[in-house]
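So the sequence lines, in the order shown, correspond to chains B and L.
To convert, note that position 137 of the first sequence is 137 in the working numbering; the numbers rise steadily by one, no gaps.
Heads up: take any position in the second sequence, counting from 1, add 175, and you land on the working numbering.
In short, the hints are calculated from the structure, not lab data.
Note that the structure is predicted; figures quoted are calculated from it, not measured.
Note that CB positions come from ideal geometry on N, CA and C, so glycine has one too.
One or more of the hints may lead you astray.
[To be verified] Partial list, derived from the structure: chain B residues whose beta carbon lies under 10 Å from chain L:
#1 F71
#2 S87
#3 Y89
#4 T133
#5 V165
#6 N170
[Unchecked claim] Which stretches of chain B does chain L cover? Using the computed rule of at least three CB atoms under 8 Å from a CB of chain L, they are:
#7 44–57
#8 90–99
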Amino acid sequence: MLDRPLSPPPVEVIVAVTQALHREARLLDNEDFEGWLAMLGEDIGYLLELKSRRFRADRSKPLPLGPGVIFNEDLGRLRLRIDRLKSGYVWAEDPPNFIRRAVSNVEVLATRAENEVQVHSVLVMHRNRIDGTTRLLTAGRTDLWRSEGSAWLLAAREIVLDHAVLPDSNLNAFF
Amino acid sequence: MNANIADLVDSRTGRQSRAIYSDEAIYRQELERIFGRCWLFLVHTSQIPGPGDYFRTFMGEDDIIVIRQKDGSIKAFLNSCTHRGNRICRADRGNARAFTCNYHGWSFSPDGALAGVPLENEAYFGELDRSKFGLVPVTKVAEYKGLIFGCWDANSPSLEDYLGDAKFFLDVWLDAMPGGSALLGETQKMVLGTNWKLPVENVCGDGYHLGWAHAGAMSAVQTMDLTGLSVGNSGVDLDGGLSVAGMNGHMVLSALDGVSGYAFYPDPKPILEYLEANRQTVIDRLGEVRGKQVWGAQVNITIFPNLQLLPGLNWFRVYHPKGHGQIEQWTWAMAENDMPEAVKAQILENQCLTFGLAGLFDNDDGDNLTACTEQSRGWRTAQMDVYTNMALGRSGKREGFPGDIAAGLVSEHNQRYFYRRWQEHMMAQNWAEVPTYNINSLADQEAEHA
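With the hints as extra help, turn the sequences into a complete structure.
Shown next as structure tokens:
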């Protein structure tokens with residue numbers, strides 16, 4: 001088996017992908033949803049599963065149909081969410097909320113595919129809503145980024161949200 | 176306080192004082208007279224299928240563990256060590272042979288018995304009577320077709336009597352198909368800065384907000400007609416549905432088309448196929464009215480005080496009060512066990528899409544409910560009233576259905592009955608003073624036909 005460790009990706013790749021993560025955060029902060037969609041692969045999988053707080057030694061069986069999700073989106077479903085946000089009828093987002101994303105702890109790892117890298121990162125999302133209520137959400141992300149021509153596209157993202165109880169009355173935001 | 180409560184709600188005119196959302200003394204009284212007295216939903220049997228399976232929940236602000244016993248029965252206890260009061264279980268759910276307190280190591284078996292005390296002989300000199308220090312059980316625990324409820328009041332009516340004619344509608348989910356029902360997925364928990372009554376009111380009767388508050392979501396995913404409700408609240412078909420109340424404080428909204436529960440599924444086809452393949456079975460079990468018109472339709476069921484379930488949209492929800500003006504909203508997807516796995520999976524998926532934590536619809540409601548609460552707290556607003564006075568006096572009997580019924584899903588008929596029930600409980604010293612009513616009861620209708 002070719003099981004020897006993969007060499008780290010070239011520095012240029014690490015820089016390009018890290019820059020893509022920062023650019024993505026800026027586009028979302030600015031509600032440039034079309035710009036963000038253009039950074040996604042056609043086959044994007046965008047997943048945030050529900051979880052529960054369980055004892056380490058818990059012996060219970062997995063749930064028959066799985067945990068359920070907060071997001072389980074393909075490109076069409078992300079577009080559907082964005083169409084709703086842009087419909088002019090989402091009163092919770094008007095006036096717009098102040099939202100800022102900070103991306104950190106970026107680790108770019110090689111995969112077996114030459115044009116793909118796995119990327120771990122942490123997202124801190126600051127949302128200042130309505131009359132000044134501030135919510136801070138943190139999440140871990142594991143991505144697959146793919147190089148297509150001169151661009152890096154997000155091909156898959158698995159999000160882990162660090163909150164057992166969502167501390168806000170909506171999640172009209174992407175991680 | 177009672178004179179005050181009498182003045183705070185007028186169900187004949189549909190008036191509520193905003194103090195019922197903002198006055199902390201009223202909230203403390205609700206914990207006693209509503210959450211301390213009514214039957215409260217604890218768990219669905221599907222969530223704790225095997226011996227030792229447990230689920231943590233709340234009755235009012237009291238932390239509860241519900242545990243499946245070795246003999247298959249279900250017991251519920253306060254999640255509090257009888258020694259110094261510490262929480263004994265900090266997990267949401269799981270399977271356990273015992274619960275051991277983190278503080279001093281007292282250990283309780285699933286039947287609530289105090290099974291182990293460290294240094295029992297050395298430090299207590301063998302003089303501790305363990306039989307007096309078992310976990311405190313919920314006074315009454317009972318099941319209705321898979322739904323487990325608990326009640327603190329020994330003098331409450333039986334669960335069957337408490338549910339009354341609301342069972343007619345509950346059975347449209349619980350007993351439509353022979354395999355019964357289940358809840359799916361992990362608990363979807365959200366904190367909301369709202370008084371607990373406002374989300375109950377929103378779902379128990381308020382079809383009025385749908386086409387306006389949820390216009391963005393409707394424009395994104397609506398694939399079928401729902402009693403003429405449309406984006407921008409531009410139309411409504413009052414003949415297409417019913418607002419049913421006057422059933423011991425329980426309320427139902429129901430469309431009558433047998434399919435519109437799935438109006439907000441981007442691809443409802445597989446579920447519509449399941450409905451049509453099994454409709455005759457349901458007609459045989461529940462009769463023509465429920466089998467043809469209600470099963471599959473948009474149905475909102477509210478069991479007083481804090482349980483709401485919507486067969487069709489398939490979300491099931493309880494609201495736990497978390498102090499004055501704050502709640503946790505807990506949601507699960509609901510399915511029938513006879514559904515093919517692919518249909519169940521689609522239901523879980525769609526429930527999360529529409530009424531999950533990032534739900535296209537759910538994310539429209541939170542800010543409205545929070546703001547209604549906040550706008551009851553000002554020095555001036557706390558002295559003001561709010562109104563549920565739509566379609567006053569336009570209700571009556573409908574052949575084949577229980578309850579006092581107003582036409583359509585857009586009415587404020589149900590909300591008036593919700594606040595009436597709230598007031599009845601808040602003014603009553605005990606269960607004997609709480610009126611029981613099943614208006615146009617099914618039993619009376621049967622007697623008339625006999």
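Tested hints:
1. F71: 6 Å, holds
2. S87: Result: holds, 4 Å to nearest chain L Cβ.
3. Y89: Where the cut-off is 10 Å and the nearest Cβ of chain L is about 4 Å from Y89 (chain B), the hint holds.
4. T133: 8 Å, holds
5. V165: 4 Å, holds
6. N170: For N170 (chain B), the interface hint holds, since the closest Cβ of chain L sits about 4 Å away, which is under 10 Å.
7. 44–57: Since 7 is at least three, the answer is holds.
8. 90–99: holds (count 3)
Checked against the numbered hints above, the structure breaks none of them.
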